[in-house]
Amino acid sequence: MARTYEPVIGLEVHAQLLTRSKMFCGCSTEFGAPPNTHVCPVCLGLPGALPVPNGGAVEMAIRAALALGCTVRNRSRFARKNYFYPDLAKNYQISQYELPLNEHGRLEIEVDGVKRRVGIVRIHLEEDAAKNLHPVGAGGDTLVDFNRGGTPLMEIVSDPDMRSAAEAEEYLRKLREILMFAGVNDGNLEEGSFRCDANVSLRPTGQKQLGTRVELKNINSFRFVRKAIEYEVMRQQSVLDSGGIVEQETRAWNVEQSRSFTMRSKEEAMDYRYFPDPDLPELVVSDEMIARARAQLAELPAEKRARYRSALGLTEYDASVLTSHPAISSYFESCTNELLKACEKPLSPQQAGKRCANFIQSEVMRYLKTEGLGLQVPVTASRLAELIAIVEIGAISGKMAKEVFAQMAATGKAAKKVVEQKGLSQISDASVIDGEVERLIQAHPEQVEQYRSGNKKVLGFFVGQVMKATKGSANPKMVNEALRKYLEG
Amino acid sequence: MTEGRLHTRTLVALSSLVASGEISSIELTRLFLDRIGRFNGRLNAFLTVDPEYALAQAAAIDRSKQKREALGPLSGVPIAVKDNICTRGIRTTCASRILENYIPPYDAHVVQRLRKAGAVIVGKLNMDEFAMGSSNENSAFGPVRNPWSLERTPGGSSGGPAAATASSLVAAALGSDTGGSVRQPASFCGITALKPTYGRVSRYGLVAFASSLDQIAPITRDIRDAARLLGVIAGHDSRDATSYPGEVENYEVECGKAIKGMRVGVVRDAFEKGCDEDVASAIDKALETFKQLGCELVEVSLPHISYGVSVYYIVAPAEASSNLARFDSVRYGLRVLGEDLFDTYAKTRAQGFGAEVKRRIMLGTYALSAGYYDAFYLRAQKVRTLIWNDYAEAFKRCDVLLTPTAPTPAFKLGEKTGDPLAMYLQDIFTLPPSLAGIPAVSAPCGFSSSGLPIGMQLCAPAFHEGRLVRITHAFEQSTDFINRRPAAFELD
Ligand SMILES: [Zn+2]
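Same order as they appear, the protein sequences are chains A and B. Just so we're aligned: 112 in this note's numbering is position 112 of the first sequence, and the numbers increase by one with no gaps anywhere. Just so we're aligned: 1192 in this note's numbering is position 192 of the second sequence, and the numbers increase by one with no gaps anywhere.
Warning: the hint list may mix true and false statements.
For lysine-lysine, the following DSS-like pairs were computed, each having C-alpha atoms within a straight-line distance of at most 25 Å [to be verified]:
hint	chain 1	residue 1	chain 2	residue 2
1	A	K399	A	K468
2	A	K413	A	K402
3	B	K1116	B	K1065
4	A	K345	A	K413
5	B	K1116	A	K81
6	A	K468	A	K413
7	A	K81	B	K1382
8	B	K1065	A	K81
9	A	K341	A	K416
I should point out that these hints are in silico values taken from the structure, not numbers from a laboratory. Bear in mind that the values here come from a model prediction, so they are computed numbers and not experimental data.
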């Protein structure tokens, strides 16, 4: 009978920091510019150029570290990691080695009701490599785009505390969410601003000592992380079951074939010859800087969800949808605040929250999805609040609001403008409605008689006639009330 | 003043002649360009001379003068810089094949400062390849010759700057000093060089050899020129993270101040072993001079400086092995195409680098390798701290420290090329102050029996360059060594 094994998983995440300039020079970090336009002597590794650390990147890394419960070192060091590759301008990467900026953090995850605390060994700062391109028509040449070269990265190394692919995936989702809400990373897996390597080993269940670990590289979506780890666990298990030995190696995940391949064996492992970078003095972080970073640390997603439920009365589901991205939660929060301020009819925070949550989750998110806008809401939170306020006072119906929103998004106009121009405003003027009702009652004495003799269904006929006459813009509630008054009075 | 002697005047004297309108910068620049044309063939001090560039700068200074604009402290005087200092639009080779045709797109910080101060940069000076060497014989473009004796070395690695300054092909020059690279050549060529405290001058635009040691330094006829030039290039630069933010003192005002009561530390054990007799006796006489000037001589010991050479030849090559990795043919420089990427790297670097550079890259790579790092690099750094402490202790008992600059006067070309270790020992006195990061000056203090210049090295605590200016100036005033010139470079 085959033995049972326990997978042991640790993750290394490289997260790009949301600074506007690079880690060691003033070049822009903007994504998608023409190749080699965001470059300078420093990030091209020209002779004589020297690195100067980006204070903003240091601050962001500290904020991330605090969000993950790390200890921030007052003194840390940059080190050079030496290896030759064309995407590395200096043929060494400036990173941190012996004395990283942050250490000893943790992240709580929960999978299938089982909670686990994953330790974070360290979070250090480094610079990203450039991008090697192999374009068709370059005659087989490799071209290098140095725009990305030197972008600030945080490397977040976990303890080998995860025991399944599902836990690894959950850890990554949680980590990504925290970094996004801390305002330090955009969580964009497609553009490579959040990347992951995994270390996987197996050990017989109950054994303390760790097995030989295999490093998995190139797994850049949550789905692939899960698949790649599951594949690796199976692979190691079958090696062990057939009496073999797991080799220490680095494997790369191949998306098309859904399997991994050996990249480097243990013998080919690189000697990076790390040493302290003599161009950069010790990185000194004062207690005041740490306190400032702590003060700037925004509310994290778990705290937000709890607050949405308790203070705004949202359901668990609504709260989690609205905290799926910091852009959405901040849109929701400012919309709610604006509505409370703008609405002529006094609302409780719960009412305002619920109205905004409903509108954002239905109309706004659907619009973003069908238009393929990502998270770029084309209507500002305060304008959306105006629209919801108009619905609230009964000037237009909820159904009309959907149309108005689409118009606002398409034209950039304010809600009131759209309503005015389209003549969408509900007729809520009692004298107009009364006049219409009076005219109908005089024109249809038969139906009036039927109603008065007990056939209440005739009311529907009158409502329909009023709506027809007002092209559907009469306030339905007022029409009902007016009809009853005339028919019964 | 006769025209023929103009070139022997100091940088400070020449800049006041331009400032007062007695001579135009164009005239002065033509004079030096003419001398370069006439004598550089003998010396091989220049790798690049750019008359057009030089005359354009001179013309600009003369225009400013005509418009009565304020002129800078180096107004209109021709100088040159070592070829590891980046000059925008002018090739910067580091005397290496790998950068033979490399033209930087930017000026080094010191070059910006020189231009702002009104200097006329006439060209780029020869050196040991990537500043690695003590005889200038490691230049890919041929050795520089010593103006005092053409079959001898001018020293290294700043052989070009020293030879050009000593033979008055320029009024002054900038070199770089990692372990003695301006001081030993100054000593061999009978001129003055002032290596500043590490961090005092920005390294931005200096092609790195060993980043924790490299400093750009003036090479001049006398100490006042060095003070003037250092005043121009010193100061904080936000582009160099190791640049010192403190204010720059006025070095020149130290010239002429008395040195009575100054305590001169003597490190006996250091220079009595393996030192040339003429050198030892010149140092003894210098001590006598200081005594007569009212200085107090204090015997001090620096127990760890004997490890200086060993420490330096681990730390400097280790840093160099990483600094020079960028020369891979991908973005600039020589490219020798191979079968694949790594073959291209190998072929380019095999053809692009000379033997000494390769030797140091290998030494450094080894010292940083897994399993050796602790025994070599880490231990060397610890000993470096001990050397630093030695100086801190010594400076409790004295104000400056005196040693010879080099153990011998200039040796013959080819004499030590077969024995790298003997060559490394040339730097025995200059390495420890570099490792400690403290300022050090080399100034002429005598001549050997065969008429070769001898230099003394004075060191001071960090950021006390002014003290070195003061004592060196007092010494110059009571001796005649700076006024002797190599005869071969006067007009017939
Ligand atoms: Zn840049």
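Checked hints:
no., hint, result
1, K399(A) / K468(A), "holds, 17 Å"
2, K413(A) / K402(A), "holds, 14 Å"
3, K1116(B) / K1065(B), "holds, 14 Å"
4, K345(A) / K413(A), "holds, 23 Å"
5, K1116(B) / K81(A), "violated, 38 Å"
6, K468(A) / K413(A), "violated, 29 Å"
7, K81(A) / K1382(B), "holds, 21 Å"
8, K1065(B) / K81(A), "violated, 52 Å"
9, K341(A) / K416(A), "holds, 17 Å"
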